[in-house]
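A.B. asks: Spelled out from the first residue to the last, the chains are:
Number of protein chains: 2
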Amino acid sequence: MQLTRAADYAVRVMIHMAGLPPDTRASRNELAEAADCPDQFLSKVLQSLTRAGLVTSHRGNTGGFELPLTARRASLLSIVEAVEGPIRLNVCLVSAAACERQTFCPAHAVWAEAQAAMAGVLRKATIDVLAEQPGATQALTEGPKWN
Amino acid sequence: MQLTRAADYAVRVMIHMAGLPPDTRASRNELAEAADCPDQFLSKVLQSLTRAGLVTSHRGNTGGFELPLTARRASLLSIVEAVEGPIRLNVCLVSAAACERQTFCPAHAVWAEAQAAMAGVLRKATIDVLAEQPGATQALTEGPKWN
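Top to bottom, those sequences are chains A and B. Going by our numbering, the residue at position 22 of the first sequence is 22; the numbering climbs one at a time, nothing skipped. Going by our numbering, the residue at position 16 of the second sequence is 1016; the numbering climbs one at a time, nothing skipped.
Here chain A stands alone, though its shape is the one from the complex (with noise of 0.2 Å):
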C-alpha cells in the first residue's frame, strides 16, 4: 500500500511547474533536475500528465512543457490519480459489484473512510499553494537528492 515512484515523481514536476512565472515552458532536463526524477519515470509521468490535462507539450525550438492555467490548482489527489488511475485503498471500493461481501463485511465500511480520509487530504494540497513554500525551489539549486 504505497505510492508509485511514478506518482511520487509526478506531483514533484507539478509542483516545480506551479512555481514558475505563467506561459514558462520547462524543457525535460529542467523538470527531470528540478524532480530528481531518473528519465525512464520521466517519460510516463509526462504522458500520463499530458493525457489528463495537467501538462501541455509544446514541439520545436521554443518547445517544453507547460502548466495550463486550469491547472495551476490542481490538487495532490488529481496528479496521483492521473497516473495511477482512481485510489481505491481494497478491491472491493471499485464498484458496488467488486465485492459481493460488501453488503455485511463490517470491514467495508472502515476501508472506505480509511480512503476518504486519506484522499481528503490529498484532495486539498494544491501545488499552487505547496509551490509558494520557501523549500519549493530548491531542488534546482542543490541538485538530485533522491537516495
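Treat the hints with care, as some may be off.
[As the list claims (entries may be wrong)] With a straight-line cut-off of 20 Å between C-alpha atoms, the simulated SDA-like cross-links for lysine to any residue are:
{"id": "1", "chain 1": "A", "residue 1": "K124", "chain 2": "B", "residue 2": "M1001"}
{"id": "2", "chain 1": "A", "residue 1": "K124", "chain 2": "A", "residue 2": "G85"}
{"id": "3", "chain 1": "B", "residue 1": "K1044", "chain 2": "A", "residue 2": "G85"}
Please keep in mind that the hints were generated in silico from the structure rather than gathered at the bench. All values derive from a computational prediction rather than experimental measurement.
Following the hints, put chain B in place on chain A, whose structure we already have.
C.D. replies: Coordinates of chain B only, in the frame set by chain A:
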C-alpha cells in the same frame, strides 16, 4: 496504492475469530470459509498473524487457531501491519534518511498527513467492535462471496 489481498483476508479472519466465544479454536477450513480466503493465501495470512501474536496455533485433535485474549481488541492497523509491515504511504516516510528532499520538499508533509489520516481510521477500528455488527457472521452461513 492498494491493500494486499493477504491483508484483506487477515482482517476478515480476525473479525471472524473475534465473533467466536472465548477459548474457541477454529479450524483452517472454518477460517477459509468465513473469510472466503483461497488456500494459497490462508497459510501466509495465518503465519503472519501467528508471528505477530495476533493468533495462536494449536496442534493435534483438539487443535486449531485461537484468538488470544490480548488480541481481542486488535485494530485493523495492527492486522494490516502484521501482514504488510508498517504502512508507509510514500518512500520518504520510511525513515528520516529515506529521502534527502525531506527538509524542503513541500509534498513531504502532505504525504505524512495523508498517511496519518488513513492510519488513524484503521487504528480506531477494532475487531471486537466490528465483530458485533449484524453481518459479521453472515459469511459462514452464505458461503463464498468473493468475486
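A.B. asks: Each hint: holds or not?
C.D. replies: Here's how the hints hold up against the structure:
no.	hint	in the structure
1	A:K124 x B:M1001	19 Å, holds
2	A:K124 x A:G85	18 Å, holds
3	B:K1044 x A:G85	29 Å, violated
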